[in-house]
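A.B. asks: Sequence:
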Amino acid sequence: MNKTISQLEDGYHGDITVLLLQVNKGVTAKGAPYLSFQFQDKTGNIDAKYWNVPENLLFAFQAGNVVKASGDVLCHQKQLQFRINHLEILEEGSYDLWDFVKMGPIEKNVLYDEIYTYVNRIQNQKMKEITKAFLKQYENEFFVYPAAMKNHHDFVSGLATHVLGMLHMADAICKQYSLLNEDLMFAGVILHDIGKLIELSGAVVTEYTTQGKLLGHISIMQSMIEEKAHELHIEGEEVILLRHMVLSHHGKYEYGSPVLPMIPEAEMLYFIDNIDARMQTLDKAMQGIESGSFTPRIFALENRSFYKHNLQNKSK
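Residue numbers for the sequence shown follow our numbering, beginning at 24 and rising by one.
Keep in mind that the hints were calculated from the coordinates and are not lab data.
Treat the hints with care, since some could be wrong.
[Claimed, not checked] Label-pair ranges, simulated between beta-carbon atoms: (1) SER224 x GLU254: 50 to 56 Å; (2) ALA195 x GLU277: 33 to 39 Å; (3) HIS256 x SER314: 53 to 59 Å; (4) ILE263 x ALA323: 30 to 36 Å.
[Said to hold, decoys possible] Under the rule of at most 25 Å between Cα atoms (straight-line distance), these lysine to aspartate or glutamate pairs were calculated in the DMTMM-like manner: (5) LYS65 x GLU205; (6) LYS131 x GLU230; (7) LYS275 x GLU249; (8) LYS251 x GLU325.
Nothing here was measured: the structure is a model prediction, and the numbers come from that model.
The beta-carbon is built from N, C-alpha and C at its ideal position, and this holds for glycine as well.
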């Protein structure tokens, strides 16, 4: 019986059946071509190398293929890596693609119910109408898309999971600071990344669309808010504020925000977005790392390594 990725350990020799997330070609110092992959199944990811790849297979594989890989596992720079001896593409219909997709930790119906609970708490009718209109338009995509191609919340339902985590923080912060408008915070959190439904190609083996590459999710979404408000015959400061929340939510020019946060709610949106993304990146990096050791350097976190301590977390 094939092992899953989470069951692999240093020294394993045998077969695994996986989804190809990434396929890259390279050349060794001696000029020999090789293939580099990222394997995925429902239990996790592992990097893989095909060093002695036959010439006729150099262009045979692409992201989205489900393959049977034969080889062995070794530890490279504190991370497991699969060394391929043979790779075979499986025929469509011989597998269930969802067996190879990472699912989020929260069930879709729970995400749906909790997010709509926050929508229904919005008192400002203009913001509420705009927010509900977008969720209705993109309901199927919103609850299955990842929040990113890699780094944070890069799994099915990642976007909705990210939004719900931010809503929980926004709720607590609004209770702490009366300066913040709860309606604007909730609407801004829910709408801030909906442009990714246009920027990314889908829930499985996602990549950037042409619109995503040329425009980016921030500019896509701020213009969509204006269009949606016009469609709903909504005018007023609320529309400008929601557009500003989207435009400024990356917080800094160098992080992709066309404008900097200039209202308290936009400042908080930037911080809670960053907190949730960074903590999920850390959680992902800590998986598979033994207590008492360090993670590899994490590019998204200033290329730092993080220590996994031995203290036990309290159960939630």
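A.B. asks: Would you mind marking each hint as holding or not holding in the structure?
C.D. replies: Here's how the hints hold up against the structure:
1. Range check, SER224 to GLU254: about 25 Å between beta-carbon atoms, so the 50 to 56 Å window is missed.
2. Taken as a hint, the range 33 to 39 Å is violated for the pair ALA195 and GLU277, whose Cβ atoms sit roughly 29 Å apart.
3. Hint check: HIS256 to SER314, Cβ distance near 58 Å, so the stated range 53 to 59 Å holds.
4. The beta-carbon spacing between ILE263 and ALA323, approximately 31 Å, falls within the hinted interval of 30 to 36 Å.
5. Restraint check for LYS65 and GLU205: not satisfied, since their Cα atoms lie roughly 37 Å apart, outside the 25 Å limit.
6. At most 25 Å may separate the alpha-carbon atoms for a hinted pair to count; LYS131 and GLU230 meet this at roughly 23 Å.
7. This hinted pair checks out: LYS275 and GLU249 have alpha carbons roughly 23 Å apart, not beyond 25 Å.
8. Restraint check for LYS251 and GLU325: not satisfied, since their Cα atoms lie roughly 37 Å apart, outside the 25 Å limit.
The structure fails to meet hints 1, 2, 5, 8 from the earlier list, while all remaining hints are met.
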